[in-house]
Amino acid sequence: MTNSESAASAEATGGTATVDTRDLVVEVRDVTAGYLPGVNILNGCSLTARDGELIGIIGPNGAGKSTLLKAIFGLVKVREGGIYLQGDEITNQKANKLVSKGVGFVPQTNNVFPSLTIQENLEMGIFQKPKDLKHRLEFVVDIFPELGKRLTQRAGSLSGGERQMVAMSRALMMGPHVLLLDEPSAGLSPVRQDEAFLRVKEINRAGVTTIMVEQNARRCLQICDRGYVLDQGRDAYEGPGRELLNDPKVIGLYLGTLGQD
Amino acid sequence: MSDNATPTTPVKTTGLHVGDAGPGCKKVDPIIIADGVKRTFGGLTAVDVAHVEIPRGAITALIGPNGAGKTTFFNLLTGFDKPDEGKWEFDGRSLAHVPAYRVARMGLIRTFQLTKALGLLTVLDNMKLGAKGQSGENLFRSVFPFFWRKQEDDIEAKAKEILSRFKLDAKQEDYAASLSGGQRKLLEMARALMSDPTLVMLDEPMAGVNPALTQSLLDHILDLKSQGMTVLFVEHDMHMVRHIADWVIVMAEGKIVAEGDPHEVMRDPAVIDAYLGAHHDTDLGDDDDPETAEHIHALKELIDDEQ
Amino acid sequence: STGGTTPEESEEPADTGDALPIEAGERDLTLKVGTILPQSGTLAFLGPPEEAGVALAAEEINEADAGIQVEVVYRDSGDTTTDIATVSVTDLLSQDVSAIIGAASSGVSFTVIDQITSAGVVHFSPANTSPDFTDYDDNGLYFRTAPSDLLQGEVLGNLIAEDGASTLGLLVLNDPYGTGLAAATTEAFEAAGGEVVAEELFNTGDSNFDAQLSAINAANPDAVAVITFDEAKVVVPALVGAGYPGNQLYFVDGNLADYSADFAPGLVAGAKGTLPGPMLEADFEERLLGIDPNLDSFSYGPESYDSLMLIALAAYAANSTAGEDIGAYLQQVSGGSGDGEVVTTFADAAALLAEGSQIDFDGASGPITLDENGDPTEATIGIYEYEDDNTITRIG
Amino acid sequence: MDWIQIFSNAAQELISPTTAAYALAALGLAIHFGYTGLLNFGQAGFMALGAYGFAISTLTFGFPVWASVLVGIGASIVFALILGIPTLRLRADYLAIVTIAAAEILRLIFTTNTFDDVTGSASGLQGYKGGLAALNPIPPGTYGFGPFTYNAYDWWIRILGWTVVILAALFTWSIMRSPWGRVIKGIREDEDAVRALGKNVYSYKMQSLILGGAFGTLGGMIFIMPRAVVPANYQTSLTFFIYAILLLGGAATILGPIVGSMIFWVLLSFFSGFMARAVEAGWFPFMTQVQAGQLRFILVGIAIMLLVVFRPQGIFGNKKELSFVR
Amino acid sequence: MLLGLLVSALTLSGIAASPAMADEGGTDSQAEEFEYFFSGNVKYNDEPLEGVSISVSGNGYEAETETDENGQWTIGVPEKDAYEVTLDEDTLPEGVIVEDGQSTVDAEFGLTSRKAVNFFLGEGQRVTTDYGAQVLIRVVNGLNFGLLLALAAIGLSLIFGTTGLSNFAHAEMITFGALMMLTFSTTLAFPVWLAILIAVVLAAGLGWTLDAGLWKPLRKRGVGLIPLMIVSIGLSLALRYTFQFFYGGSTRQLPGATLPREISLGPILLSWIDVASMATSVVVLLAVAYFLLRTRIGKATRAVSDNAPLAAASGIDVDRVIRIVWVLGGGLAGLAGILWAYFRPGVSWDMGFQILLLVFAAVTLGGLGTAFGALVGSLIVGLFIEVSTLWLPSDMKYVGALLVLILVLLFRPQGILGRRERIG
Ligand SMILES: Nc1ncnc2c1ncn2[C@@H]1O[C@H](COP(=O)(O)OP(=O)(O)OP(=O)(O)O)[C@@H](O)[C@H]1O
Ligand SMILES: Nc1ncnc2c1ncn2[C@@H]1O[C@H](COP(=O)(O)OP(=O)(O)OP(=O)(O)O)[C@@H](O)[C@H]1O
Ligand SMILES: [Mg+2]
Ligand SMILES: [Mg+2]
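Protein chains in written order, with the numbering used here: chain A, 12 to 272; chain B, 6 to 312; chain C, 338 to 733; chain D, 6 to 331; chain E, 39 to 462.
Just so you know, the hints here were simulated from the structure itself, not pulled from any lab data.
Ranges between beta-carbon positions, derived for each pair:
#	chain 1	residue 1	chain 2	residue 2	range
1	A	105	B	99	53 to 61 Å
2	E	160	C	582	17 to 25 Å
3	C	709	D	292	37 to 45 Å
4	E	225	D	143	57 to 65 Å
5	D	325	A	105	19 to 27 Å
6	E	177	B	99	43 to 51 Å
7	E	225	D	325	47 to 55 Å
8	E	93	C	527	19 to 27 Å
9	C	582	D	156	54 to 62 Å
10	C	584	E	127	27 to 35 Å
11	E	235	D	292	30 to 38 Å
12	E	93	C	693	48 to 56 Å
Backbone N, C-alpha and C define an ideal beta-carbon position, used for all residues, glycine too.
Construct the complete structure from the given sequences, taking the supplied hints into account.
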């Protein structure tokens with residue numbers, strides 16, 4: 012599916028009543044990418060995110076969701092196709108360049124600096140804008156009070172969920188225009204998960220274009236504007252979150268019925 | 006994709022406890038008994054369990070807020086960490102000062118929350134490593150293949166079977182380092198099952214695993230339960246806990262704070278308050294919540310400040 | 338007796354009478370000799386004067402045009418850490434050399450002596466002093482020109498005693514050279530009524546010597562003998578800097594050098610040292626400098642020069658360039674078989690040999706006479722003193 | 006320039022006992038580092054034990070050859086145990102430094118003048134070859150063709166040395182494709198995971214340390230057959246060179262260490278011969294003979310770098326593994 | 039060995055040596071007639087005694103002489119043989135006596151033609167340093183050496199910390215600083231302060247160059263840490279011999295390096311250079327610690343060392359941070375090299391390589407990658423090297439320090455200041 016088609020289909024299937032006329036912020040155009048020579052993980056994957064949209068990506072394990080985020084963020088080499096940020100090509104750009112262009116990213120694994128304290132981890136989140144440190148620190152500690160109590164503990168000794176909080180907070184510290192989240196809720200306790208989703212939504216509503224990969228697909232599709240289902244390196248389904256949530260095919264293949272009881 | 010997502014209603018094991026269900030209550034047939042186990046890190050008491058028993062032949066869920074000490078408790082039970090005090094036994098045998106590998110040999114296998122795939126071994130080799138009692142693992146016998154060839158074939162067959170259940174069969178010849186986050190979780194769990202453990206302790210096995218697959222794997226676990234295996238797992242996915250757990254133990258700040266049947270425990274206001282949260286079981290999709298609106302406003306200000 | 342040495346003639350030659358005959362007549366020989374001297378590694382500072390000595394000898398032999406032409410192939414011995422010597426020897430042997438000159442370090446020589454001598458090639462070291470070579474099973478092919486440490490040690494011990502020191506500190510490099518020399522010095526010094534109050538060893542490649550120096554300083558001996566190679570450049574300033582009087586130091590051949598460029602003026606003024614070899618002919622140093630103008634030390638240059646001279650003369654005497662033949666004649670041309678006319682230049686020596694007469698070659702390093710083990714039996718040990726500008730003058 | 010001579014000299018290194026000794030030591034390291042992930046930087050110490058164990062048993066105690074070999078191996082097992090008990094719990098990089106330190110301690114003990122009677126201190130030991138030479142079945146004489154022409158003893162030690170190498174390689178190959186090898190490789194990847202699966206990691210690491218150490222020890226014995234025992238040979242740089250050889254060939258491979266050793270020595274010999282002749286021939290008028298000797302090491306250093314740069318996985322290594330290195 | 043010496047002694051038949059002391063007086067005119075000489079000193083409580091009569095007898099020959107104003111005497115004899123040397127007690131000054139039987143000494147020539155026989159009378163009054171003072175001196179030396187090691191180690195530790203690379207070529211960066219100092223201060227005769235400045239800047243430049251030309255491209259290609267370590271071993275070899283190529287194999291001194299120490303505090307003697315170098319080390323170490331713990335770049339450095347991809351995702355320019363660390367590490371190594379050249383003293387092509395193991399030991403002992411650990415480790419290594427030789431033979435002085443390293447790691451496997459990683 013090319014970008015224009017996909018945009019068109021988004022409008023056509025248009026669950027949301029109005030046609031979206033906002034600017035394209037992120038555009039992934041037929042991207043092919045992979046790790047090993049000769050093995051493509053993404054096979055002509057396309058995705059768009061308009062200004063202020065909250066996009067959810069779901070799909071089976073190994074579908075290439077993380078790879079897609081990494082490709083957008085320049086951490087996996089894009090072999091074909093292109094990635095555009097507000098119309099400018101950013102294919103294979105250095106990660107720190109993208110950060111200065113207002114893109115933030117939370118990886119799925121290894122997402123904290125183990126030997127830095129929590130506070131230092133958070134400071135790293137706002138490395139390029141040290142002036143705003145105080146403000147944002149307060150903001151983040153407000154969301155995750157557990158962290159506030161332990162600002163001097165080294166992140167390496169944190170529990171899995173605590174790490175995940177640190178990782179989330181670090182991204183929130185950035186105050187980016189575009190936020191890429193890879194399974195931010197994994198490992199969080201239910202109450203923290205809800206908190207995290209709500210905050211993501213709030214941040215998004217405050218104007219941050221957000222693309223999140225989630226395995227907690229129900230929660231994700233509940234809050235997102237549009238969802239993509241990725242399978243075998245390409246976008247298999249795409250549509251408004253609610254619609255996907257109730258699409259029997261999507262349920263059968265990806266969502267399962269557990270959450271419905 | 007297969008159609009194994011068809012819902013099944015698992016058979017719950019009941020009548021596990023003696024007397025009232027509550028923190029530290031006695032079990033009819035406990036497989037693990039821990040007494041006064043305590044572990045502190047500097048000033049922080051991560052685990053402080055007065056008494057807990059894990060029922061045999063059942064699926065027990067260990068839940069609790071982040072940082073409650075669940076993983077640390079796992080580490081203590083399996084010999085990966087040493088408690089400051091306390092004693093605990095498995096199958097009637099004390100585990101104090103027993104090194105991790107011996108614990109595993111007794112049939113108590115655990116997985117890690119932060120996965121430990123053996124990166125430069127193939128997925129299949131990862132699995133084979135999980136099998137126990139391999140005669141070819143002895144240096145002297147390893148030189149002569151006829152000692153271990155047959156056993157090796159059996160192990161391989163078994164590994165392939167489990168892999169296909171875990172949807173990893175396509176990746177069996179790849180290095181484990183090339184797996185995605187969720188696939189690693191799957192491998193971690195599949196590998197643990199290779200040794201036919203008496204008790205398997207899974208640390209957040211399904212975090213990051215696709216829901217549809219989760220469902221089919223739960224069936225597998227129930228299968229194993231029916232064959233007599235005991236399962237203790239940590240999980241934050243309440244659907245899953247409700248679905249398969251026969252018993253739930255709630256931990257908070259290192260202590261056991263509640264125990265009981267899953268549905269009952271999840272109705273406990275204290276558990277809801279500290280763990281499940283008010284939004285639990287509600288849709289997060291609607292924007293009309295006044296608190297949310299307030300936050301959005303604050304955020305917008307923050308962003309405007311920067312410009 | 339100012340400044341002279343009093344070489345004593347060998348009274349009782351090791352092997353009298355049965356000298357091999359020397360064929361009279363013209364020769365037409367091309368002698369190929371290899372060297373394995375240190376070009377790289379920790380002993381590399383010893384390499385240049387040694388190679389210059391060999392090169393000078395080759396030049397003089399070839400200029401003499403006496404029917405023998407010498408071709409020298411220079412290879413590296415490295416040090417014992419790099420194990421390059423075996424590679425160099427393989428290379429040299431493949432070029433059919435008749436003799437190999439080297440190595441500087443006894444340790445390296447031990448690594449290659451079997452390889453060389455079992456190939457029927459003469460192994461001739463200008464600098465090995467380890468006593469273990471004396472009885473080594475070398476097919477009679479191992480020779481050396483460096484005088485034994487026993488001799489220098491005795492001279493040094495007596496010198497320190499004569500200077501009135503009753504106590505002595507030793508700072509010693511732990512290798513065959515250092516420990517051998519230290520033992521001989523100690524023996525002589527104690528026999529004269531003194532006492533060694535501190536003997537501190539260090540290893541090649543040690544980074545600093547503070548602990549050793551503190552120990553010596555703490556014992557406060559009347560004199561300190563510094564038995565080292567190049568390490569002296571580090572040790573001596575540190576020792577004097579720590580308060581030990583520079584004029585009570587004694588140097589040995591491994592480190593007796595001109596320190597005017599290295600040390601603060603007067604640092605070692607009045608210190609003494611011993612160095613084997615007769616007073617170098619005034620022009621010998623200049624001749625060496627003519628070969629390599631960058632030389633800043635001449636250690637083992639004369640010995641290396643003599644090594645090649647003797648090898649060439651032995652080949653000339655044998656009228657053969659086979660290693661075994663050279664080995665058979667080496668002792669004889671050095672004067673070790675007793676008879677023979679004393680000669681000091683190659684041209685004279687070759688002229689005598691061409692007449693069929695025996696010779697006794699005395700070279701730049703003294704009246705070398707080899708015994709049946711290939712060890713030198715005669716030597717003169719010079720005594721030197723440091724001037725205010727840290728240069729040395731021979732005083733005995 | 007006599008290229009034929011340069012090449013034929015270099016070719017001789019292919020089968021030289023020194024090459025065999027380094028190959029064996031590198032094979033030991035392959036077990037340690039390549040397969041088990043033990044960053045053992047004390048292989049020189051194991052080699053020294055082989056050399057000294059053999060020489061001291063022969064010289065001081067008058068043991069026959071087989072007993073001397075056993076003493077050397079016994080010593081290395083004891084060393085591995087002493088070294089392993091405290092260090093096998095260490096993280097890989099700590100282990101590296103501790104093993105360097107242990108090997109240096111050994112070398113310093115062999116070097117110190119304090120035990121001169123037994124160790125020969127800095128001058129080392131010689132005169133222990135009689136026993137081995139007496140076992141030589143080859144009648145005296147010179148055999149071979151082209152550059153490979155040696156006398157009976159030289160052939161004997163070459164045959165012995167390479168036989169040991171081949172046997173060791175076959176042995177390593179067979180254990181590494183067995184379940185034992187799988188556990189060992191698992192430990193390299195993550196020992197906690199392997200521990201959780203019920204394997205006694207400590208014991209496996211110890212077995213690996215002993216086995217690779219014993220190979221190093223045998224290498225040490227072969228190493229001294231054509232030369233003498235000199236303590237300065239066993240410095241840390243020896244271990245460095247062996248690592249270079251191992252990585253040249255490929256860390257977790259059987260043929261890698263052997264071919265790596267051949268390449269290393271052939272290169273060294275080639276540079277040696279070439280540089281010296283080039284200076285003699287006046288190709289580098291600005292350079293002295295002495296500098297040529299040094300330039301060779303510069304070139305060897307650069308060659309090691311280039312090989313790693315252009316083939317980081319080594320000659321036999323698997324390119325794919327590289328994309329996953331941490 | 040001893041046996042060997044004896045054997046070779048026997049083979050040295052007629053050996054000649056020159057008479058020493060020829061122009062130092064005490065040579066009787068009769069000495070000229072002979073080839074063999076006895077000579078010696080007569081001293082009482084370290085003061086020379088003049089006019090004491092000494093006689094030599096043996097082999098049917100007898101001769102006598104008197105000591106000169108320096109208490110020295112020389113007697114020539116005709117044969118190389120055993121003689122009796124006797125001091126005539128009557129000629130001694132009032133109050134000076136010789137213990138019974140010690141006025142006659144049997145003396146025999148060795149290999150040379152000269153033999154010294156000394157008579158030291160009275161009590162020797164050698165002033166030795168007492169044990170306590172010795173310990174003190176060693177401790178101060180150890181601290182001094184330790185600080186220097188720390189300076190060298192911290193750069194290594196930083197580079198290890200940020201890139202995970204065990205850089206064996208660090209030794210050559212140390213040497214490089216010293217060699218540049220030598221070039222600019224001695225060869226080009228710049229003022230010392232300027233030469234130091236230039237040398238440190240050039241060393242920092244070397245760090246820059248190495249990173250830009252070698253390490254960064256290798257990082258880009260994703261070469262693993264162990265292959266990188268081997269590259270550093272190759273680089274170390276190449277650089278070391280390059281230094282030897284250009285500077286030769288011998289040791290040289292920097293200006294002012296051989297001046298005596300003149301600051302004395304009790305038994306401790308220090309030079310101004312020692313004091314300056316200790317002060318420099320302390321100041322620089324504090325500055326580095328401040329840099330790491332307090333500055334933004336410093337924290338970024340640690341972040342990169344923890345998780346470089348994540349650091350990049352946080353907006354840190356990883357390559358720039360690593361470049362800064364290399365420049366800093368190079369500069370520190372260069373400075374360490376200069377101080378090392380003064381401390382040792384001496385500049386040589388392998389001076390850095392000689393302490394590489396110690397530097398690594400120090401870094402490890404303290405805990406890999408922790409800057410303070412490097413300091414603590416260095417001090418311990420320095421102290422142990424200096425102090426342990428009070429009990430150990432001095433040629434085993436590193437054994438003590440290395441043993442401590444092993445023992446410490448036995449009890450703290452993560453190093454002194456290192457932290458244990460969490461499992462699971
Ligand atoms: N090595 C350590 N040093 C200091 N604190 C530690 C260490 N290990 C764990 N902790 C602390 O102990 C507490 C319990 O951690 P644990 O990992 O057991 O939590 P958990 O219940 O598994 O949480 P989660 O659900 O987030 O995985 C946490 O607050 C953690 O920060
Ligand atoms: N470093 C790597 N090298 C080689 N292949 C890789 C690597 N990382 C991932 N892969 C492969 O790429 C495919 C997609 O991986 P990716 O991590 O993008 O999956 P994902 O959709 O994020 O899955 P999950 O939900 O499990 O995180 C998988 O088949 C995986 O095996
Ligand atoms: Mg993923
Ligand atoms: Mg946990």
